[in-house]
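Top line first, the protein sequences correspond to chains A, B, C and D. Take 89 as the starting number for the first sequence in the numbering used here and just add one per residue. Take 89 as the starting number for the second sequence in the numbering used here and just add one per residue. Take 89 as the starting number for the third sequence in the numbering used here and just add one per residue. Take 89 as the starting number for the fourth sequence in the numbering used here and just add one per residue.
What the hints contain is simulated information worked out from the structure, not anything from laboratory work. One should not assume that every hint holds.
Label pairs and their calculated CB-CB ranges [what the hints assert, rightly or not]:
hint: 1; chain 1: A; residue 1: Glu329; chain 2: D; residue 2: Ala348; range: 56 to 62 Å
hint: 2; chain 1: B; residue 1: Glu335; chain 2: A; residue 2: Arg302; range: 43 to 49 Å
hint: 3; chain 1: B; residue 1: Arg302; chain 2: C; residue 2: Lys94; range: 20 to 26 Å
hint: 4; chain 1: A; residue 1: Met135; chain 2: B; residue 2: Lys94; range: 32 to 38 Å
hint: 5; chain 1: A; residue 1: Arg179; chain 2: C; residue 2: Arg302; range: 57 to 63 Å
hint: 6; chain 1: C; residue 1: Arg302; chain 2: B; residue 2: Gly252; range: 30 to 36 Å
hint: 7; chain 1: A; residue 1: Gly334; chain 2: B; residue 2: Glu335; range: 43 to 49 Å
hint: 8; chain 1: D; residue 1: Thr339; chain 2: A; residue 2: Glu329; range: 52 to 58 Å
hint: 9; chain 1: D; residue 1: Arg302; chain 2: B; residue 2: Glu335; range: 32 to 38 Å
hint: 10; chain 1: B; residue 1: Gly252; chain 2: C; residue 2: Leu106; range: 46 to 52 Å
hint: 11; chain 1: C; residue 1: Glu284; chain 2: D; residue 2: Pro111; range: 21 to 27 Å
When the alpha-carbon atoms are kept at most 30 Å apart in a straight line, the in silico BS3-like pairs for lysine-lysine are as follows [to be verified]:
hint: 12; chain 1: B; residue 1: Lys94; chain 2: A; residue 2: Lys219
hint: 13; chain 1: D; residue 1: Lys219; chain 2: D; residue 2: Lys201
hint: 14; chain 1: D; residue 1: Lys94; chain 2: C; residue 2: Lys219
hint: 15; chain 1: B; residue 1: Lys201; chain 2: A; residue 2: Lys219
hint: 16; chain 1: D; residue 1: Lys219; chain 2: C; residue 2: Lys201
hint: 17; chain 1: A; residue 1: Lys201; chain 2: A; residue 2: Lys219
hint: 18; chain 1: A; residue 1: Lys201; chain 2: B; residue 2: Lys219
hint: 19; chain 1: C; residue 1: Lys219; chain 2: D; residue 2: Lys219
hint: 20; chain 1: D; residue 1: Lys219; chain 2: D; residue 2: Lys94
hint: 21; chain 1: C; residue 1: Lys201; chain 2: C; residue 2: Lys219
Ideal Cβ placement from N, Cα and C applies to all residues, glycine included.
Number of protein chains: 4
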Amino acid sequence: MSSSYKLASRTNHPRNTLIHVGPVTIGGEEPVLIAGPCSVESRDQIMHSARVVAENGGNVLRGGCFKPRTSPYSFQGLGYEGLDLLVEAGRTYGLPVITEVMDSEDVGRIAEKADILQIGSRNMQNFTLLKAVGRTHTPVMLKRGMMSSIDEWLAAAEYILAEGNTNVILCERGIRTFETATRNTLDLGAVPVLLERTHLPVIVDPAHACGVRRWVAPLAKASLAVGAHGVMVEMHPNPAEALSDGEQSLTFDEFASLAATLVPAWAAVC
Amino acid sequence: MSSSYKLASRTNHPRNTLIHVGPVTIGGEEPVLIAGPCSVESRDQIMHSARVVAENGGNVLRGGCFKPRTSPYSFQGLGYEGLDLLVEAGRTYGLPVITEVMDSEDVGRIAEKADILQIGSRNMQNFTLLKAVGRTHTPVMLKRGMMSSIDEWLAAAEYILAEGNTNVILCERGIRTFETATRNTLDLGAVPVLLERTHLPVIVDPAHACGVRRWVAPLAKASLAVGAHGVMVEMHPNPAEALSDGEQSLTFDEFASLAATLVPAWAAVC
Amino acid sequence: MSSSYKLASRTNHPRNTLIHVGPVTIGGEEPVLIAGPCSVESRDQIMHSARVVAENGGNVLRGGCFKPRTSPYSFQGLGYEGLDLLVEAGRTYGLPVITEVMDSEDVGRIAEKADILQIGSRNMQNFTLLKAVGRTHTPVMLKRGMMSSIDEWLAAAEYILAEGNTNVILCERGIRTFETATRNTLDLGAVPVLLERTHLPVIVDPAHACGVRRWVAPLAKASLAVGAHGVMVEMHPNPAEALSDGEQSLTFDEFASLAATLVPAWAAVC
Amino acid sequence: MSSSYKLASRTNHPRNTLIHVGPVTIGGEEPVLIAGPCSVESRDQIMHSARVVAENGGNVLRGGCFKPRTSPYSFQGLGYEGLDLLVEAGRTYGLPVITEVMDSEDVGRIAEKADILQIGSRNMQNFTLLKAVGRTHTPVMLKRGMMSSIDEWLAAAEYILAEGNTNVILCERGIRTFETATRNTLDLGAVPVLLERTHLPVIVDPAHACGVRRWVAPLAKASLAVGAHGVMVEMHPNPAEALSDGEQSLTFDEFASLAATLVPAWAAVC
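Using the sequences and the accompanying hints, generate a full structural model.
Rendered as structure tokens:
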């Protein structure tokens, strides 16, 4: 299968890829902390979130503007209006921003403003979209499909790399299994496998996997302990009123507490 | 969850949806047989295939022109040139044609020529694409995502229906499980569940699930026995030289033999 | 892996194994219908069930006496008292009986009375138990573990065969997957794989897989269509009051209706 | 479902259960390290292993004597002779010993010598065996079935508790999923779920899940980071010649290196 991902393979590129986004380096010795609300909902919400991210040592601000939702009747995001709010919040607090892109037609316009483009799990094998982001030079965070093998994931990354964009970040976010106690099953065993097979940075998103706020912090610590280059978490000023993913979003206090423990945890286990 | 698919739900639409494509009705008493090569490879190949489909009582000609492939280095299809060949072959032998569409930008152009648009498994939750085919009036066959629950699948169908296109056909093609003896696990139990929950027609594609030519015929018979409205199979003049999916494609003789047994099987079990 | 099951392998034993149980042959041209309640609950219940099985052409009477239950607080079966009732009912109506054995210490005593010993899914790799039934000459029906690959299942059968008992029947009953619309996912694709790899008879139990009474009949038909040597179903005089598995048990009328369609279905598809 | 495990539930027993085995406490503040070869193979092998475990701060010596093997033709263990060697090695180096019990008939005899009885994954729902170990007072480590939900696992623990044995330890060892890059998928998300639902100690066995020696250490660190009360690893003087599980066994040097990093890792993340 490794012939499906020769550009992504560590065999052909032994050194880790470092991805520079403003002041942040992803893939290096220092772990990164990506945080923000699931969806951008209002100016107040994203500005407040950005401030809390920055004050607690977070590195990148996340916020969804175009939301892939299982049901056509769920909140679909604020679109470009949300993107402008996200960018404003990021600039105000000195944080690069990441947002999801769902449509190849939107890639150019979003890439002008966002610092990192996210490809969501459901689009991991949307090859048209992969090629479109591959034709930009904006860093891309490729989330693992919830039923995709590691090798299929690396082959999906290859679609981006093969178009010329070398700035690809992988994000483990849980796979679908028979277990229903957690929303998905976080596959932390994938991290050492990836670190062996590819030179690309690996981020872990524990909240989408477990689906419950209380379990995010221990899984975030474990993600760094197993060797990930960073974690991405969701937080919200008032999770109970979030328009999406409230159950797995941290409160600001919970986020502050998590942030305070992650860096020493990382230092100890390396 | 049924609030995610009110248009697809049988509760709100008790009678079966019948989809008329040229002389063929999908969703009615008579099962349909959709057949053809995985990919259109040449004029000879598709013309020969179409003749064999027609001569053996097949109802619809399939052929991929735009191919979603795990690896960017695999054969990606002949594109619009392939589509023209497919349409020519269908017209010559009186068969409506079905082909996959992968990109929302291509929907309009493909819908002008193809009789049925296929949404592949990897794109089942490509919501941009679902909305785009929903804005046409061309029948759409929505394949189940290999990671998707029945309810998520119906919610994906809802995206198409909600845009105004009522001609949606569902196609079970196997789900991903731990078992590796077969390529995927054909979920025939999904058929009676679907027949209860939705009014949309249900087709089964046994070949993608089992991945081995010898096992296609018994699974096709079982698909009709369990109540599906039809089956879709792959065949090729010379499977050993097929550019994609050769291992699961029937030879023409195997196809003729399968076609000869399907209709009596259906009659007996209804 | 085939070295793990050389006695079970068709390579070393090309002809189908036929298992004779009283007047019934399992593994031959005629499909068998095994039916009865999940648990033996009372003399009336099992006698009535046996009569209905016999009157509708059923071949073997099933009834659980020792029940493996997820919770220690669920009904655990009537034990040897239930076995005596089961045997009495079988003799009265001329039906061989099958019951589950859970403990190697019980094997000898149960084998004196039952015609077929069932090994349940949870015990498929209880190697002590497999060896114990292997030392009898009583036919054994080995249900697939809900977590077990086809090759592991055949290797489990090998434990029985290697002890000298050649009368092993395999029973597909669904595997565990992410899909929750059905209780488990019936893997009918396993049937043609088994028919190729082994000479042992293959029975399908659709009710444990789907978990819902209404879906049992279509899956039973599909099981014969795909090539199984028979089906096993649960029925009960009053499913709503059954002490176990009521939701998936057929009423007597539903059973009669299913039995009436199975044989013609089989004839048509062979 | 919690009615299936009222004795195991934290609701009814808010404080952590502490299990005392010789000088070791399992379930308390200090993590435990259980180590040793997969199988006891010879006096030299187990004595040497025990010395290395003790010298590096390991707390409990593991060694299989009765081995559940997928194939009847694989090495089945040294039996009681192996148990005597294991006990001798443990006594020599001051380590309590744990070994697997597969048969209810063996429970009494093994419980006289071993300090902890292990129930393997394949026997997690062997209810006869669970009841048998429940009638002893020897601590029991119950490994999770590879396709068992957390609630089924707790209900299996309940079988032991309900017989009167309160000394139950849970051991996560990976679940079966579609991913084949690792042998199974280690479900570290189960750890915080368990810590919430039950008062029983939770150990993680990363090697059976990943199946590759190089990935054991990062997953062991992550296991402590996520909150487990200890880890169990396999090591062998010469993994290439191990009679079972050589691929996932650590060398003595790798074990020493792992042991040296685990305790500081634990301290930092608590």
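Here is what the structure says about each hint:
1. A/Glu329 to D/Ala348: 56 to 62 Å: Roughly 48 Å apart at Cβ, these two residues miss the hinted range, so it is violated.
2. B/Glu335 to A/Arg302: 43 to 49 Å: 47 Å, holds
3. B/Arg302 to C/Lys94: 20 to 26 Å: 22 Å, holds
4. A/Met135 to B/Lys94: 32 to 38 Å: The hint (32 to 38 Å, Cβ to Cβ) holds, given that A/Met135 and B/Lys94 are roughly 37 Å apart.
5. A/Arg179 to C/Arg302: 57 to 63 Å: Given about 59 Å between the Cβ atoms, the range holds.
6. C/Arg302 to B/Gly252: 30 to 36 Å: 33 Å, holds
7. A/Gly334 to B/Glu335: 43 to 49 Å: Holds, since A/Gly334 and B/Glu335 (Cβ atoms, about 46 Å apart) stay within the stated range.
8. D/Thr339 to A/Glu329: 52 to 58 Å: Between D/Thr339 and A/Glu329, where Cβ atoms are some 54 Å apart, the hint holds.
9. D/Arg302 to B/Glu335: 32 to 38 Å: Taking Cβ atoms as reference, D/Arg302 and B/Glu335 lie about 33 Å apart, which means the hint holds.
10. B/Gly252 to C/Leu106: 46 to 52 Å: Roughly 59 Å apart at Cβ, these two residues miss the hinted range, so it is violated.
11. C/Glu284 to D/Pro111: 21 to 27 Å: 56 Å, violated
12. B/Lys94 to A/Lys219: 35 Å, violated
13. D/Lys219 to D/Lys201: 19 Å, holds
14. D/Lys94 to C/Lys219: Not satisfied, since the Cα-Cα distance of roughly 35 Å exceeds 30 Å.
15. B/Lys201 to A/Lys219: 25 Å, holds
16. D/Lys219 to C/Lys201: Since the Cα atoms of D/Lys219 and C/Lys201 sit roughly 25 Å apart, the hinted pair holds (cutoff 30 Å).
17. A/Lys201 to A/Lys219: Holds. A/Lys201 to A/Lys219 sits at ~19 Å (cutoff 30 Å).
18. A/Lys201 to B/Lys219: 25 Å, holds
19. C/Lys219 to D/Lys219: 21 Å, holds
20. D/Lys219 to D/Lys94: Within the cut-off at roughly 16 Å; holds.
21. C/Lys201 to C/Lys219: Satisfied, since the Cα-Cα distance of roughly 19 Å is no more than 30 Å.
Comparing the model with each numbered hint stated earlier shows that hints 1, 10, 11, 12, 14 do not hold.
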